[in-house]
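Please take these sequences and the hints and turn them into a complete structure.
Residues per chain, in single letters:
Number of protein chains: 2
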Amino acid sequence: MARLFREIMSSCLALEQPLRVAYLGPEGTFSQAAALKHFGQAVISKPMAAIDEVFREVVAGAVNFGVVPVENSTEGAVNHTLDSFLEHDIVICGEVELRIHHHLLVGETTKTDRITRIYSHAQSLAQCRKWLDAHYPSVERVAVSSNADAAKRVKSEWNSAAIAGDMAAQLYGLSKIAEKIEDRPDNSTRFLIIGNQEVPPTGDDKTSIIVSMRNKPGALHELLMPFHSNGIDLTRIETRPSRSGKWTYVFFIDCIGHYQEPLIKDVLEKIGREAVALKVLGSYPKAVL
Amino acid sequence: MARLFREIMSSCLALEQPLRVAYLGPEGTFSQAAALKHFGQAVISKPMAAIDEVFREVVAGAVNFGVVPVENSTEGAVNHTLDSFLEHDIVICGEVELRIHHHLLVGETTKTDRITRIYSHAQSLAQCRKWLDAHYPSVERVAVSSNADAAKRVKSEWNSAAIAGDMAAQLYGLSKIAEKIEDRPDNSTRFLIIGNQEVPPTGDDKTSIIVSMRNKPGALHELLMPFHSNGIDLTRIETRPSRSGKWTYVFFIDCIGHYQEPLIKDVLEKIGREAVALKVLGSYPKAVL
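As you go down the protein sequences, you meet chains A and B in turn.
For the first sequence, the residue numbers in my numbering are 122 to 410.
For the second sequence, the residue numbers in my numbering are 122 to 410.
Among the clues, some could well be false.
Because identical chains share one entry, a pair is satisfied inside a single copy or across any pair of copies.
To be verified - Taking lysine-lysine and the PhoX-like style, the derived pairs with C-alpha atoms no more than 25 Å apart in a straight line are:
#1 Lys337 - Lys391
#2 Lys167 - Lys276
#3 Lys301 - Lys232
To be clear, the hints were calculated from the coordinates, so they are not data collected in a lab.
Written out as structure tokens, the structure is:
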């Protein structure tokens with residue numbers, strides 16, 4: 122990753138262009154915090170209205186990289202992101218993990234005992250479900266496109282609150298009426314860095330693939346066998362509808378290793394021979410916490 | 122299932138009590154349509170505000186059965202339902218499959234060129250995402266607790282529309298301004314019938330289990346091996362966060378066969394010896410379309 126960055130950074134510098142990064146916006150989202158953690162301040166960051174738009178922006182070459190959430194430790198996979206990989210040809214270049222703390226936020230005009238609506242992203246509402254059930258059981262919960270969008274709304278909307286993080290609270294000038302309301306104290310989200318260029322091995326990498334198998338008994342077992350017999354560790358498997366037939370699925374698999382390593386290359390070739398379709402999404406350095 | 126029904130029906134008849142069924146409400150949801158398809162009209166059906174409440178109602182014995190959505194062919198797993206199985210001790214007694222057609226609905230007071238908000242359940246919004254992107258790209262989409270709830274709202278709210286099915290349209294007296302707007306023509310949802318009593322074998326059954334494995338290389342392969350070596354077909358595997366540690370998962374697995382059959386019993390015993398935890402959710406007749 123370091124090498125790839127240096128290459129892209131130096132070509133940007135040669136052209137006197139700063140690195141451009143798209144993320145799931147608006148400003149103040151956890152995706153922006155993940156972009157900051159990964160790229161630092163010295164980039165032009167571009168908030169997009171939806172996950173799919175981050176993908177399109179990267180495919181079109183309008184930005185060098187995109188940052189999208191892929192998995193939360195409490196609520197599981199971010200399906201929009203997984204499904205976007207089915208629709209776009211794109212490379213995973215890295216991953217970032219963020220500890221996620223949610224707060225209940227209100228604007229100046231709202232009295233805490235008058236809250237009638239709580240806005241947030243559906244994932245955030247789910248990550249705080251037990252806390253909400255205990256403290257605001259009868260208040261309407263409204264899912265919006267991101268938690269920063271929720272924060273933006275309640276700045277001017279009376280008697281409503283938002284669930285969002287520190288960045289959004291500061292950015293929209295909201296007060297915290299309850300802090301760290303996530304149900305699980307280790308609540309974390311993994312983000313992916315997506316781009317158009319493959320990343321060379323660093324010696325501590327992960328590989329992500331999408332596979333669809335023939336709809337026959339033992340297909341999943343057959344898919345996993347080459348990993349197992351070569352001692353390759355799977356870190357994750359997710360199932361999603363294939364969108365090519367009713368009750369047919371594709372598998373999203375993450376394994377340890379880089380696809381340029383002979384062992385991984387060999388396993389992927391074996392799987393490719395049995396699979397209906399195999400797409401290598403990329404190999405990239407494992408996230409450092 | 123037939124035998125179990127007869128038993129419960131006859132005990133209800135003996136006590137002069139009709140069968141009581143809870144479903145994800147309000148009235149007019151696809152869950153109610155699934156309950157009708159499975160049980161017919163001769164039951165007392167009880168709409169609940171959330172999936173979790175359907176589970177609680179069944180566990181408490183306030184109803185004989187509950188009906189909850191578990192999987193859509195376009196949008197995938199219904200996570201609330203899967204996660205509820207982690208929290209409640211309950212038996213799956215059956216499954217129902219419904220073809221899902223969505224319509225764009227408005228009340229009398231709304232002009233079709235003045236729509237500023239479209240309400241529906243997040244799953245339904247996702248099932249119609251491409252249609253909405255093409256026809257109402259800049260109209261706000263608001264996710265509410267069910268599509269029947271969306272229909273109920275727009276009955277009285279100006280300039281708003283709902284995405285819901287035929288039952289909701291009729292029940293709340295709404296007009297269809299666009300029909301069958303789901304992105305995939307084979308869009309279908311599977312519902313589970315949950316209860317407190319196990320269902321005897323019918324000869325054409327499925328078994329659902331939840332398994333958590335030790336977090337070690339090859340764990341998933343080890344889990345699938347006994348199914349494979351005994352020729353048992355898996356129809357589905359889903360991964361969810363285990364909620365007992367960060368980045369640890371449980372697997373929801375459906376296989377062909379009844380857990381009282383010696384072969385399945387044997388496989389489950391083998392898995393149970395290797396697993397951290399194994400819970401048999403139930404064996405039940407396969408859905409008839």
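Each hint tested on the structure:
1. Lys337 - Lys391: both (18 Å within a copy, 23 Å between copies)
2. Lys167 - Lys276: within (22 Å within a copy, 39 Å between copies)
3. Lys301 - Lys232: within (20 Å within a copy, 43 Å between copies)
When held up to the earlier numbered hints, the structure conflicts with none and fits them all.
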